[in-house]
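*Asks:* One-letter residues, chain by chain:
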Amino acid sequence: MNPIQRVFFLLVIIPVLASGQMLPPGDIRHPKPDSWPTFHGDYSGRRYSPLNKINSANVHNLTLAWVSQVSMTPGRNVGGPGPEPSSRSANTRGTPLLVNGVLYVTEPNTVLAIDARNGREIWKYTWRGVPAVALGNRGVGIYGNWLFFETYDNHLVSLDMKTGAERWNKELADVKRDYFSSVSPLVIGNHVIVGVGGDFLDVPNFAEARDPETGAVQWHFWTTAHEGDPGFHTWPNKQAVEHGGGGVWYPPTYDPELNLVYIPTGNANPVMAGQSREGDNLYTASVVALNPDTGKMAWHFQFSPHDTHDWDAAQTPVLFDGVINGQPRKLLAQAHRSGLFFVLDRTNGKHILTAPFVEGLNWYKGIAANGQPIPDPMKEPQIAGALTSPNSNGSTGWPNPAFNPDTGLFYVGTQQSYTIFYKTDLDAQPEGYSGTERGGGSVMTELRAIDYQTGKIAWRHKTNIGAQSLLTTGGNLLFGSDGSGNFIAFDAKTGEPLWHAGLISNPSNGPITYMLDGYQYVLVAGGEFLYAFRLQD
Amino acid sequence: MALVVAVLANIAIAGAQGPPGAGGGRGGGRSGGRFKIYPQEAIGRGLPAYNTACGYCHGERGKGGNAGPDLIVSLVTLHDEDGVQLGQYLKSPVHAKVVKADVPDNELFDIAAYLHSRVQYASGRGDVHMDMILVGDPKAGEAYFSGAGGCSKCHSPTGDLKGVGAKYNPATLQERLVMPRVGRGGFGRGGTTDPNAPYATVTLPSGQTVKGAPVRVTDFDVVIRLADGTTQTWARNHGIPKVEVTDPLQAHIDIMTKLKDFDMHNLTAYLATLK
Numbered sequence: 012m013n014p015i016q017r018v019f020f021l022l023v024i025i026p027v028l029a030s031g032q033m034l035p036p037g038d039i040r041h042p043k044p045d046s047w048p049t050f051h052g053d054y055s056g057r058r059y060s061p062l063n064k065i066n067s068a069n070v071h072n073l074t075l076a077w078v079s080q081v082s083m084t085p086g087r088n089v090g091g092p093g094p095e096p097s098s099r100s101a102n103t104r105g106t107p108l109l110v111n112g113v114l115y116v117t118e119p120n121t122v123l124a125i126d127a128r129n130g131r132e133i134w135k136y137t138w139r140g141v142p143a144v145a146l147g148n149r150g151v152g153i154y155g156n157w158l159f160f161e162t163y164d165n166h167l168v169s170l171d172m173k174t175g176a177e178r179w180n181k182e183l184a185d186v187k188r189d190y191f192s193s194v195s196p197l198v199i200g201n202h203v204i205v206g207v208g209g210d211f212l213d214v215p216n217f218a219e220a221r222d223p224e225t226g227a228v229q230w231h232f233w234t235t236a237h238e239g240d241p242g243f244h245t246w247p248n249k250q251a252v253e254h255g256g257g258g259v260w261y262p263p264t265y266d267p268e269l270n271l272v273y274i275p276t277g278n279a280n281p282v283m284a285g286q287s288r289e290g291d292n293l294y295t296a297s298v299v300a301l302n303p304d305t306g307k308m309a310w311h312f313q314f315s316p317h318d319t320h321d322w323d324a325a326q327t328p329v330l331f332d333g334v335i336n337g338q339p340r341k342l343l344a345q346a347h348r349s350g351l352f353f354v355l356d357r358t359n360g361k362h363i364l365t366a367p368f369v370e371g372l373n374w375y376k377g378i379a380a381n382g383q384p385i386p387d388p389m390k391e392p393q394i395a396g397a398l399t400s401p402n403s404n405g406s407t408g409w410p411n412p413a414f415n416p417d418t419g420l421f422y423v424g425t426q427q428s429y430t431i432f433y434k435t436d437l438d439a440q441p442e443g444y445s446g447t448e449r450g451g452g453s454v455m456t457e458l459r460a461i462d463y464q465t466g467k468i469a470w471r472h473k474t475n476i477g478a479q480s481l482l483t484t485g486g487n488l489l490f491g492s493d494g495s496g497n498f499i500a501f502d503a504k505t506g507e508p509l510w511h512a513g514l515i516s517n518p519s520n521g522p523i524t525y526m527l528d529g530y531q532y533v534l535v536a537g538g539e540f541l542y543a544f545r546l547q548d
Numbered sequence: 091m092a093l094v095v096a097v098l099a100n101i102a103i104a105g106a107q108g109p110p111g112a113g114g115g116r117g118g119g120r121s122g123g124r125f126k127i128y129p130q131e132a133i134g135r136g137l138p139a140y141n142t143a144c145g146y147c148h149g150e151r152g153k154g155g156n157a158g159p160d161l162i163v164s165l166v167t168l169h170d171e172d173g174v175q176l177g178q179y180l181k182s183p184v185h186a187k188v189v190k191a192d193v194p195d196n197e198l199f200d201i202a203a204y205l206h207s208r209v210q211y212a213s214g215r216g217d218v219h220m221d222m223i224l225v226g227d228p229k230a231g232e233a234y235f236s237g238a239g240g241c242s243k244c245h246s247p248t249g250d251l252k253g254v255g256a257k258y259n260p261a262t263l264q265e266r267l268v269m270p271r272v273g274r275g276g277f278g279r280g281g282t283t284d285p286n287a288p289y290a291t292v293t294l295p296s297g298q299t300v301k302g303a304p305v306r307v308t309d310f311d312v313v314i315r316l317a318d319g320t321t322q323t324w325a326r327n328h329g330i331p332k333v334e335v336t337d338p339l340q341a342h343i344d345i346m347t348k349l350k351d352f353d354m355h356n357l358t359a360y361l362a363t364l365k
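Chain order of the listed sequences is A and B. Okay, so the first sequence: first residue is 12 according to the numbering used here, each after it adds one. Okay, so the second sequence: first residue is 91 according to the numbering used here, each after it adds one.
What the hints contain is simulated information worked out from the structure, not anything from laboratory work. The structure presented is a predicted model; accordingly, all values stated were derived computationally and were not measured. Any given hint could turn out to be false.
As the list claims (entries may be wrong) - In silico DSS-like cross-links for lysine-lysine, where the CA-CA straight-line distance does not exceed 25 Å:
#, chain 1, residue 1, chain 2, residue 2
1, B, 350, A, 390
2, A, 376, B, 350
3, A, 390, B, 348
Isolated chain B, as found in the complex:
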């Protein structure tokens, strides 16, 4: 369901505002203010308190254990606020007949804070395991770099890529070797300072050509940003004036469409050695 959420996650629904700072999840920005945010201090205290009072039955991080259910998706947790409902449940006959849990009230708040932080974490996307990205063979990556990949036609390990392995974390390195620019990019304000930004060549009916950064190219108009920062607009009709957009990163686009995972992992491992 990513498309919809990506588009709509930032819409503030009337009446749906949560507490300041609410939302976020695991870096996906998906929460829309629906989770209460607890103080980090309380969450920090809640972890050992949880492990002592609950962990034996409900498992590590509240995900369920041999004797107790998953608390992250538990209705008791989800309907709890500040440990109040949690405390009521612990004292209820339903829980008491299984195990008597004497949790001091001050710890209940902290345990609740910890469990709610786990709920919020589960609703997000999680973090890439940076220490598990480098699974490729650096030597094979080097061979691909200089051979089949054609990377050495534009790049040099002692030139533009010198030190790149220290500059980026492994996931960013991998991401950038596939496509240094996210999306097609370049449309908007860019182009005048970034040598890798796309540029447009507009050929007028007279044969005159004008080059600049493509701000907007449609069937009906073309807008480019000129080297002096100003913009120029032409109406278009049936493809006139002709517009050709050139992307200096076209080689990366071409590679992206055919790159195999093992080559990608090998390349990442090789580039990571360029400290």
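The shape of chain A in the complex, shown without the other chains:
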């Protein structure tokens, strides 16, 4: 969008769209207390809500308001080319969105509208898909009266929010090439930002903007630098680029003032054998900052150059404003799967801080002047094995961290792990995974709070889980779990557990919070159940 189009959009299109809309576009940028309109609640990825009606002084009175079992029995609204789906148990890993008292919950082939006041199903949409990689789904995106949903087999489906009726569906990528989709679409202005993943058969991955009205492609960004792109020289040849991976399987974040969308990308392909892709392999395992109107890249930063350990950068690029050396700065922080915590200047991608957030990392030789780790080639998967920390699951993972501006702390679920990486495909042109890991284990799992200014650990709390999804609030609270089925409210400043509820299974998604009818609710999924909590009257 050029400046004139932008003014037209703001002054003419938005008011027209907003009349009678379920979610006026401005309410995404400035979420109302009674809504959770994007994957992270707002564009920043902080997973921070200023709500404080539930706080560290009264959280001990938090009690169950309702519990709901997510039903996978096919609904009235169906779509897709596949056979009639059979029923299965839900396992909710996505983040529900909330608008006008209705929660929108997803499974890889299902969207449900659920009454946020009582947990009852309002409508359900079932996608009849074809065989594909069965990953979780992160959730829907909302634009006006419409929902957007990526099916696991790579279709972007648009639904009517009120009824669940399908408006259209568009194929994003060829499922036969083993692409898969799991991202929750991010709506920015009149763009629906989507992405696809796939690292089983060496495909090049991409992000796209789609038109919310028609589903048409507005722009397309390859996450492996193609010929003519600035990063093309980091690949040995075109063949490597066109099979180079870089999946977009985790939702981006966005800074409206800078008008940059920050897309985290997956690992390079072939996954564990790098002999056919010498070089850094941009823009895999990176964050790329794009103009959402054009898809043009402003900058990139690679967290794991020439990755051979399956360490995607598919963790949240968390955006917040902070103070570095006494100066206010616009920051982007990521706790990367490789065990390093990065703080960047999000205006230009310049490095500010790189520090390990777990102990025992042995895969890099040092930190370069630009803040990137210098990988130790001897810790790449070896034919005879390389004992490496962390393992491919990483020191953390896709479950979202959180940042609380009141405490200045970055919260993340962590693990210290070891494994023996083996290279299995010795061909000059390896394919697919091309390596494996055996043995080792986890020696530490903790919830940790990181001081973003120093990278030092402010507090730690032992858990039985590594990566986990978190929520922090203006009530000095951090909601998370212990990996043993307990949903826990921690004191955000100290890490002390203040309240807990034993669920049927461990929390499986990122908790959200919102106001309804004067009550602050906290909602979390645990497997096939949704649990809503509020203070006792």
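Take the given structure of chain A and dock chain B to it, following the hints.
*Replies:* Below, chain B without anything else, positioned relative to chain A:
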């Protein structure tokens, strides 16, 4: 992307069921039923048929050659079922203008079966090359065993490790010397019969201690399995009762965090000599 797949690979997506036995890949269990499984007999016949009809141009194992592209990631292969689309492509002008390939229909099915098996293989993790694991120096491994590694404090080549080199393949040997138990282990049902399983000591406010296998230890409860097989549970509050988990394999955990690859390879080579 291992974390997600490891967690979710076993979820059967509605509408995504493949043929019986589909899935697997190279031992990673990653395929989720999306590949059609062909009979081994057809795959076996397909290999020589492929080599005769296609191998010259498309290279060994379909990975591409001097004259033809990689067939494992070829859209023609990926969109083929039972050799039908493959056959149509071979007869099309696009292929015919490069080379005329007269492949009998019965061989097309077998070649397709072979190529699809290669696709499935590529999507998995592959097998460790067992014959290439023993790269270390057995004598250096023996010295490490008896010296810096401290292994001889608990183990003996003529005692508990006698014959260990014949008992395990090289990769398993290497894996077990690093950590005999995968993960921290012990939580769950174990502990009553395995001398190497972790055990918990619960100290009650009275000072009484109770020992057992840790089934569950959280901030809010502790469950241990007693020697008689029964379980006992206590609620916990602010760390009371106190719970201490002891791992008999702590020495391996300590070694794992500092072991160098050359020491690991030398040790593996040494242990492999203990036939």
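*Asks:* Now look at each hint and say whether the structure bears it out.
*Replies:* How the hints compare with the structure:
| no. | hint | verdict |
| --- | --- | --- |
| 1 | B:350 to A:390 | 11 Å, holds |
| 2 | A:376 to B:350 | 14 Å, holds |
| 3 | A:390 to B:348 | 14 Å, holds |
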